[in-house]
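Please model the entire structure based on the sequences and the hints provided.
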Amino acid sequence: MEPAKNLQLDFLYFMRLTRGLEDRIDNLLKQGKVVGGFFRSLGQEATAVGSAFALDKKLGDIVSPLTRDLGAMLVMGAKPREVFAQYLARGSSPSHGRDQNLHFTDLDRGFIGTISPLGALVAVMNGVVLAARMQGKKTVGMVYIGDGATSTGAFHEAANFASVQNLPLVIIAENNGYAYSTPTTRQMRILNLADRAKAYGLPSEIVDGNDVLAVYKSAQRAVARAREGGGPTLIEAKTFRMRGHAAHDNQSYVPKELLDQWRKRDPIDSFERFLRNEQVADGSEIEEVKTKVEALLADDLAWAESQPAPRPEDAAGGVYGGEFERALTS
Amino acid sequence: MEPAKNLQLDFLYFMRLTRGLEDRIDNLLKQGKVVGGFFRSLGQEATAVGSAFALDKKLGDIVSPLTRDLGAMLVMGAKPREVFAQYLARGSSPSHGRDQNLHFTDLDRGFIGTISPLGALVAVMNGVVLAARMQGKKTVGMVYIGDGATSTGAFHEAANFASVQNLPLVIIAENNGYAYSTPTTRQMRILNLADRAKAYGLPSEIVDGNDVLAVYKSAQRAVARAREGGGPTLIEAKTFRMRGHAAHDNQSYVPKELLDQWRKRDPIDSFERFLRNEQVADGSEIEEVKTKVEALLADDLAWAESQPAPRPEDAAGGVYGGEFERALTS
Amino acid sequence: MAAITLLEAIRQGLWEEMERDKNVFLLGEDIGAYGGAFKVTEGFLNRFGADRVIDTPISETAIVGAACGAAMMGMRPVAEMQFIDFISCCFDMLTNYAAKSRYRQGVGIPIVVRGPSGGGVHGGPFHSQNVESFFLNTPGLKMVEPSTPYDAKGLIKAAIRDDDPVLFFEHKLLYRNPKIKQEVPAGDYVIPIGKASVRREGKDLSVITYGAMVYTALDAADRLQQEGIDLEVIDLRTLQPFDREAIVATVKKTSKVIILHEATRTGGMAGELTAVINEEAFEYLDGPVTRVTSIDTPVPYAPPLEEYFLPQVEDVLKAARSLAAY
Amino acid sequence: MAAITLLEAIRQGLWEEMERDKNVFLLGEDIGAYGGAFKVTEGFLNRFGADRVIDTPISETAIVGAACGAAMMGMRPVAEMQFIDFISCCFDMLTNYAAKSRYRQGVGIPIVVRGPSGGGVHGGPFHSQNVESFFLNTPGLKMVEPSTPYDAKGLIKAAIRDDDPVLFFEHKLLYRNPKIKQEVPAGDYVIPIGKASVRREGKDLSVITYGAMVYTALDAADRLQQEGIDLEVIDLRTLQPFDREAIVATVKKTSKVIILHEATRTGGMAGELTAVINEEAFEYLDGPVTRVTSIDTPVPYAPPLEEYFLPQVEDVLKAARSLAAY
Ligand SMILES: Cc1ncc(C[n+]2csc(CCOP(=O)(O)OP(=O)(O)O)c2C)c(N)n1
Ligand SMILES: Cc1ncc(C[n+]2csc(CCOP(=O)(O)OP(=O)(O)O)c2C)c(N)n1
Ligand SMILES: [Mg+2]
Ligand SMILES: [Mg+2]
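Chains as they are written, first to last, in the working numbering: chain A, 1 to 330; chain B, 1 to 330; chain C, 1 to 326; chain D, 1 to 326.
Just so you know, the hints here were simulated from the structure itself, not pulled from any lab data. For each residue, glycine too, the CB sits at the ideal point set by N, CA and C. Hints may be right or wrong, so weigh each one.
[Unchecked claim] Restricting the straight-line Cα-Cα distance to at most 25 Å, the calculated cross-link-like pairs of lysine-lysine (PhoX-like) are: (1) Lys58(A) <-> Lys79(A); (2) Lys138(A) <-> Lys39(C); (3) Lys198(A) <-> Lys238(B); (4) Lys58(A) <-> Lys5(A); (5) Lys30(A) <-> Lys39(D); (6) Lys256(B) <-> Lys39(C); (7) Lys22(D) <-> Lys137(B).
[Stated by the list, open to error] Partner residues are not named here, just some residues of chain D that face chain C (Cβ under 8 Å, in silico): (8) Asn23; (9) Gly35; (10) Asn96; (11) Ser133; (12) Leu173; (13) Thr264; (14) Thr266; (15) Phe282; (16) Arg291.
So, in structure tokens, the structure goes:
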């Protein structure tokens, strides 16, 4: 059964919101306003959005997205203004300027920011859902891992631990063809990330990561299994990174044909085509989504740009609990 | 084709040597003469001996055994007296009393001692065979890993690296039922360690680790593949740890039936039966092996016990190259 | 009230905390059915069940990672390292996740990572280390090392109740040492983290130390007494944050300081303490801050080597005599 | 002879070593086709081929482990950490395998582990760290951090030729800094490991420092000159083993010392240096050894925060004035 029209329009909305937000960050970058690097998810929006929609916030589900899973953060309730403020390093950003990009956490809204050392958050998410289970909650956790990051020891230890403990965790393995400049074929000698699951006795699925509906449905199955005590699942989403690793990287190492091929499979374009072809939504409804996105982004960007940088002295404090904590710039 | 009679008697010799050596260490332990812990390989002798015999010393093959792979060290040419001296912490032990049990290395004889943090040596052995390949050598490496140790991040990173680099490495995964007190079923949710190989696209075999001939043949196939550039193989040897983790552990957590069952499959007893039944060797030839072993062990133990402890001041120095190096007690 | 060992005191502390607070749970290798390599958690599985006493795979990063995640959800996990040496295998998780979380994202990580530390039992290079200095340059972590049963029980409780990640070092030479057995209150009490203890009052010279070396210092003090040198012995108990006030107070009192630790010399804690003393009490110093430590090598295995490696009472005597004469 | 950047100097050093010795090879993430995240190894793949410039999976433990094994076979591997922060992921391999091998089993491990270090580029908590103190308490490792192109080239060569594991820290703020460009001999030369360099002679007060902070010290010296305070600036260059002679010499000369480093304060290298100064030159001190360091927090990301966090010229001025007046 296909999801309801509203929900499908929501998928579109969040994919557009992701892309629009990142387009604007790209612009800010060109203006020299972004502090630090920018890792965008162009071409991968369907994976982040489709998977996060399978979670149930009312049941306390929690997601830990990678930097290329902005869509999942937004679905869980992160606001564009928060993200802008992070990239602009403003004092009123969620991390008060202390950490960058999507490295911020709100357990109430159900997201936990990642850290840079790859693989670590799979291990941390094990603990989150382990705790929730101890507390008698029905919480399911979802965590993302890149193709490259599945080579880390942290990923392995955590995936095995999740399996042994039969934890309610869904691991979305994003195979976007590259880890920085390293193609997946030089990162591992298996063709499918899903094969990593076999080492842990985990069920796995392979899904077209550019098809938001397919991702959603696959994630739903995994979430349902986890919710019922069936343990973790690894879903491999096959997608492609349409930009360099970060803004500074022109990805000259990626064959042009590969990019051309994947460009034709843009997740937003193809989903819009689908909505029209299946007569789920008409042109004006699709336009409306865009308009809504643009309005929100314009507002939120204006807000973020109006925010002051943090006060220098707010660098101190907040390392230990109970410590004298300066009132951070609000 | 079965290996020649001589070779089969060698298998028996080294299994007996292993067991006899460990019996004597057990005795020394009871006399309070062993310094530190003792991790014996009772019941697992066939795995260590059979696998190491597949290596070719003339081609520079190198093995890195675990503490429970005494047999492999002996096959490569480690001497009982060296092992006794290690356990007795004598100054003329290979590590001059600085490190314990099988933690010693002789590249010329083709063995590299392990270290305690589990999994590390798989990564190190990658470098050994990578270097040998760069140097145009035909060297094959063999490294052992326990069931429990396959849960470490180091094992994962190294197995994946070996696979991507197509290294001439044979990984012997010893499934002896337990990691300390933790049964393999609580260490992982797969029934066969061989399934770990699937995550790396590695060929694997499962072999009866208590059947020295079967282990030998399986290892031969893997060594041949590695030698020909076919890359690494993971061999799971199914065996059983017939003593506690270390001497202090009475393994009360192991079901008695399991021990009874495996006792019937003792690798030495069954190989001796095989040699007789298949008329490879008669009773007196088998007795002769024992006699040879006993004589060597008696000699070597006497030597080791006669050796002095290291001089206290030999604790200093030898940390950096070129550093003033005290002439260690010889 | 019977006298108990340091190990039993830690056991009691853990047990009582688990009775008191259902959010406290344990995880580690072989801690359940087996009761831990040193039997610190013997009997816990029976009493608290497999949900709260979790036997894990051999995966230090997964263990500490799971502890961090659970802590974020309001739990109070206590993770055991089978030997503290293996904490090297989760260095990233501790320093980059646990330590930085509160500062970066406003989320505290109240975990305890505990394990047997230190040498003197001929455990060799990988079962004898003192790891405090690995972590001393990472803000966000706390570190504790008790030297008496009384302190051990009070400090393990404090560590569990603390809102930050605490590394809790248990010197294996003290675990079952009958000489340091103590009567310890059966009920609840807490030793505050960050407070040193004056183990012996003295007026001539201060030894600042912790862990098993406290006893080396006290033995040296007894011997020096006969030579007319009166040693004050400070047991830091908490290594991070260490007790600046107590340190400055003893320096002001005696003006001569030996810092004694079992960790190797270069890059050990003594350096940091020396810097603090320089900054906060330089004008009171009547002689150089003097270190007595292990030598700069891995921990050797054979008894004569390990003894040479470790600081001995004789080494303290020598340092004290020369400093007294300064 | 054109003036080159620090990055280019390291590049040249690596290149020449690979030309000189076929046993030298490189491994790391994205170092081949891409030439490394900072392009230190750009062009190497073309020249030396995929056998000697190995792109690896994201597996720091496997990388350093492979380096160790290859080194045991007579190779001279140079491993890159994409950012030095990720060295935390191979802490065990470095401290337990590489560092202890020679002592334990008589087998030296001549590897270099190099990578971009330090802050000031708004890289946030995980791309800005200074990790030297993590390793200072582990005998068997060496550590080097050059501050000039000339030193960088000579030191990377020395590191590669050294028979022990060397951690080589490259301050990313200096990589392409045009102000520190230098003419560097095209041919072969080596800067010995373990030798400091006097960057500025002075008579009133010594600043002992390294890495990017050398320039902070020199700027401070220029400013203080005008106030009549004559600063001597010592650039350690090697952090382990550091140059005791040079340290003692400068203390004897000026009697007043500031230790300046970018790493956070507690547990930073300054402590160790203070202890050594106490032990070896206490009687020459006319004031407390004074630390100027980053504050005890993770490295914050926003520019005003990071600036507050990092030691600034002003901080050195303040410390120098107060020490001069002591
Ligand atoms: C442990 C560790 N090593 C190295 C890095 C540097 N690094 C950051 S992202 C990246 C590539 C990640 O590739 P992948 O996991 O495929 O994710 P993608 O960027 O494709 O989404 C690398 C090597 C890191 N963050 N952590
Ligand atoms: C990284 C690490 N963690 C913990 C230990 C402590 N330890 C030593 S042996 C062992 C069990 C090993 O089990 P397995 O790998 O199955 O080998 P076996 O003893 O059965 O041969 C443990 C947990 C260790 N040595 N290294
Ligand atoms: Mg990728
Ligand atoms: Mg086992």
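Going through the hints against the structure:
no. : hint                    : result
1   : Lys58(A) <-> Lys79(A)   : 19 Å, holds
2   : Lys138(A) <-> Lys39(C)  : 34 Å, violated
3   : Lys198(A) <-> Lys238(B) : 19 Å, holds
4   : Lys58(A) <-> Lys5(A)    : 21 Å, holds
5   : Lys30(A) <-> Lys39(D)   : 22 Å, holds
6   : Lys256(B) <-> Lys39(C)  : 22 Å, holds
7   : Lys22(D) <-> Lys137(B)  : 15 Å, holds
8   : Asn23                   : 27 Å, violated
9   : Gly35                   : 26 Å, violated
10  : Asn96                   : 6 Å, holds
11  : Ser133                  : 4 Å, holds
12  : Leu173                  : 20 Å, violated
13  : Thr264                  : 6 Å, holds
14  : Thr266                  : 6 Å, holds
15  : Phe282                  : 3 Å, holds
16  : Arg291                  : 6 Å, holds
Hint compliance for this structure: hints 2, 8, 9 and 12 are not met, and every other hint is.
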